[in-house]
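Asker: Each chain, written out:
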Amino acid sequence: MTAQAPAAVITPDTFDFYNVRSLLTEDERQIQDAVARFVDEKVIPVIGHAFDEHRFPKELIPEIASLGLLGCNIEGYDCAGLNHVSYGLICQELERGDSGVRSFVSVQGSLCMYPILTYGNEEQRQRWLPGMARGELIGCFGLTEPDGGSDPGTMKTHAVKKGGDWVINGAKMWITNGTIADVAIVWAMTDDGVRGFLVEKDMAGYTSRDILRKMSLRASITSELFFDNVRVPEANLLPNVRGLKGPLGCLTQARYGITWGGIGAAIACFREALEWAKVRVVFKRPLSHTQTIQRRLADMSRRITTAQLLSLQLGRMKDEGRMHHAQVLMAKWNNVRIALDIARDARDILGAAGISIETHSIRHMLNLESVITYEGTETIHELIVGSQLCGTQAF
Amino acid sequence: MKILSLVKYVPESTAAIKVKADGSAIDPAGVKFVMTPFCEFAVEAALQFKEKNAAANAEITAMTLGPAAAVDVLRTAFAMGADHGVHLSDPLFEGLDDLGVARVLAAAMKDQKFDVIFAGKHAIDYDRGQVGPALAELLGLPHVGAVTSIEWGADFKTATARRRIEGAEEVVEVQLPCLFSIDKGYVEPRYPSLPGLMKAKKKPVDAKNAAALGLSAAELSGDNWTTKMDGFTPPPPRPPGRKLEGEPEQMAKELVRILREEEKLI
Ligand SMILES: Cc1cc2nc3c(=O)[nH]c(=O)nc-3n(C[C@H](O)[C@H](O)[C@H](O)COP(=O)(O)OP(=O)(O)OC[C@H]3O[C@@H](n4cnc5c(N)ncnc54)[C@H](O)[C@@H]3O)c2cc1C
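Quick mapping for you: the protein sequence lines, in order, are chains A and B.
Those letters in the first sequence? Residues 1 to 395, by our numbering.
Those letters in the second sequence? Residues 1001 to 1266, by our numbering.
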C-alpha cells in the first residue's frame, strides 16, 4: 500500500450542502454577495414592519436601481448586462428578504423592460429603458383580468383602431406596481389577436386603485387597472409581437427568476427553523436533539439542495440559449412548492413564536401563497409540463 | 484637485477569527475579507466631494497597503466610483507597525501630492486608529480626526470640519492640503453597482513594492519598528454556566450563598 496524504476534512455548508456555489463563476459569486449584503442591511431590517403596515418600501427603489438590479440581464440602455444565472442569484437574494421586493424587480425587469426590449421598436426602447433601469420610471404588466387569470386567451379587454389611434376598454386585476407605474404594458384583444400597448399614467380614461387588505405579499403593491375609452397612439403599440406568445414570453422570463426566488425564501425559513431548534429547550433538551425535528430539518436541506441544482442548470441552459419554457415551469412548480412547504414546516417548528411578525417564516409562508398562484398557478404549471410529455393540452 | 482615500483590507466583522497554531498571526483561511467600514466612509466622502463640487474637477485615488489579495478593496473602491488605485505590496511590509505603515504610505506620496486625504477613523481589525494621524505628521499636513461633517471654503483652500467630542462638538478650521479621519455619521457609503464591480476587474491598478518606493529592507526591518506584535492568543473559552434547580426559596438562598461565599460579589 502506498502512503497517502490524509484527505482534507470536508464539512458541507449548512445552507449550500452540495457546494453549488463552487459551480458559479467568480463574477456570479461577487454579484450574489453584493446583493446579499444589501438585503441583510437594508431589506431585512425594515421588511417585517412594512409587511405589517401593508406597505411597499418604495424608499428602497433608488438603491435597488443604483446597484443595477433593474433589467440587469439586458445588454445596453444603461442596464447592467449580466447573464441569466446572475439575474437568478439576484432574485434568490432579494426573495431571501421578501417575495414582495423580488416581485418589484421581476415585474420591472422581466415583465416590463423585457417586452419593450424584445417586442418594442428602437424609439420605445430609448424612451423607456434607461429611465426604468434608473428606477425613475416604474412599469406594471397588465394581463390578468377579474374573470380568470389562468386562461388569458379569453380576455375581455380590447383595443380597436380609430383614426390613427387605438381605443382601449376593459379592466385588469391583481397587477403588481399598478398604482405607482408610469407605464403599463397592457395586453388587449384586437381584430388581429392579442396585442401589447404602452399605456401611460396620465392618459385620459386610464385609472388604477390598490387592492387593500391582502393577507399575502403585503409589502408589495397590487392594483386594479381600468380603461375607459383610453386613446393610445399607434407609437405606443408594441409592433413586434402578435398573439398570446407576447405575454407568455414575458412570463417565461419572470418565472425563471421566481425559480431562484423560491430558493431564497426557503433558505430564510430553513435558517430560522434550524437556529430556533438548536436553542429552544423543550422536554429538557433542545428541539434539535430529537429525531423528528432532525428529519424535518434534513428534509428542508434536501429540498433546498435539489432546488439549487435545478435552477442553476436551468440558468446555464438559458445562458446558452437552449432553455424550453416547460423546463422553467417544472422548476417554478418544484421550487415554489418546496419553499411553501418549508415555510409552513418552519413556522410549525417555531411554535407560537412562529405566528409573530417578529419571525420571518410566517411572512414567507403567506407571501408564497401568492408566488404559487401568480405567473401561472402550480396546477397550470403541472398541466403544461404534462401536455409537453403527452403531446395534448388537457386544460 | 487630487483626492486620496486610504482603504484597508480586513476580516469581515462577523468572521470567526482563528489564531495560527504558533500564535504569530491570525489564520486567514476561510475568513472573508472586506474593506473596513470606516474606509468605506473615506471613499464615500471623496465621491460626494467630487459629485457636489464639479468646479473642483476632482480625481479620486484609492490606496491600500496589504497582501496580494488586498487588491479586492481597490476593486470595491473602483466599483463605488474611484478613478485610480494604488496597491502597496511587498513581503517586507508584512507585520509593519502603524508608524511603519504610515512611513510606507508617505513614501508613496513623495512624487504624488494630494489636496485632501481621507482615512477611516480606525480599521476594524486592530482598532488602533494611528495610521491617519501618523501619516499627516510625516507629510507635515494638518489632521482632523473623527470627523462627522465638512464644509468646504469657496476656493477649496480651507475647510471647516466638525468632530464629536465628549458631550460637545468641536469645530475645526484647516488649510488644505490636509488629512481627515472620518467617523460614522458623515456619509452613508453607497453599494458598489454590479456593472461597476464587473468593470472594476478590468481597471489597471498601480502596484508598487518597497524597491519602487525607494525603501530598503533595512529601513523596513523590525529594528525600526516602534511597536511590535508579540503574539496572538484567542480569548479564553467562556466557562460553562451553572444552573440551579429546586424550589424558588431554596434556589434564591443558594444563589445568595454563591454570590457571597464563592464569587464574593456581595
Ligand atoms: C399578489 C399577486 C400579484 C399579481 N401580479 C400580477 C401582475 O402583475 N400582472 C398580471 O397580469 N397578473 C398578476 N397576478 C395575477 C395572477 O397571475 C393570477 O392570479 C393567476 O394567473 C391565476 O389566475 P386567477 O387568480 O384568476 O385564478 P383562476 O384562473 O381562476 O384559477 C383558480 C384555481 O383553478 C385552478 N385551475 C384553473 N384552470 C384549471 C384547469 N383547466 N384545470 C384544473 N385547475 C384549473 C387554478 O390552478 C387555481 O387553483 C397577480 C396575482 C397575485 C396574487
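Hint data in this document are derived by calculation from the structure and do not stem from the laboratory.
All C-beta atoms in this analysis are idealised placements derived from N, C-alpha and C, irrespective of residue type, glycine included.
Please note that the accuracy of each hint is not assured.
[Stated by the list, open to error] Computed cross-link-like contacts, DSS-like style, restricted to lysine-lysine with a CA-CA straight-line distance of at most 30 Å:
1) B/K1208 with B/K1113
2) B/K1208 with B/K1243
3) A/K284 with B/K1243
4) B/K1032 with A/K284
5) B/K1208 with A/K58
6) B/K1202 with A/K42
7) A/K42 with B/K1201
8) B/K1243 with A/K42
[Claimed, not checked] Far from chain A, by Cβ distances over 10 Å, these chain B residues were calculated:
9) E1044
10) E1094
11) L1099
12) Y1191
13) A1217
[As the list claims (entries may be wrong)] Label pairs and their computed distance ranges (CB to CB):
14) A/E63 with B/D1125: 21 to 31 Å
15) A/D319 with B/A1029: 48 to 58 Å
16) B/A1029 with A/K245: 19 to 29 Å
17) A/E53 with B/S1013: 22 to 32 Å
18) B/F1232 with A/R21: 45 to 55 Å
Asker: Evaluate each hint against the coordinates.
Answerer: Evaluated hints:
1. B/K1208 with B/K1113: holds (16 Å)
2. B/K1208 with B/K1243: Violated. B/K1208 to B/K1243 sits at ~58 Å, over the 30 Å cutoff.
3. A/K284 with B/K1243: holds (13 Å)
4. B/K1032 with A/K284: Violated, at about 37 Å.
5. B/K1208 with A/K58: Judged against 30 Å, a Cα distance of about 45 Å means the pair is violated.
6. B/K1202 with A/K42: holds (29 Å)
7. A/K42 with B/K1201: holds (26 Å)
8. B/K1243 with A/K42: Not OK: B/K1243 and A/K42 at ~39 Å, beyond 30 Å, violated.
9. E1044: holds (13 Å)
10. E1094: With a cut-off of 10 Å, B/E1094 remains clear of chain A, as the shortest Cβ separation is near 26 Å.
11. L1099: Holds, because the least Cβ-Cβ distance between B/L1099 and chain A comes to about 33 Å, which exceeds 10 Å.
12. Y1191: For B/Y1191, whose nearest Cβ neighbour in chain A is about 5 Å away, the distance does not exceed 10 Å, so it is violated.
13. A1217: holds (34 Å)
14. A/E63 with B/D1125: 21 to 31 Å: holds (27 Å)
15. A/D319 with B/A1029: 48 to 58 Å: violated (32 Å)
16. B/A1029 with A/K245: 19 to 29 Å: violated (52 Å)
17. A/E53 with B/S1013: 22 to 32 Å: Given range 22 to 32 Å: holds, Cβ gap about 30 Å.
18. B/F1232 with A/R21: 45 to 55 Å: violated (30 Å)
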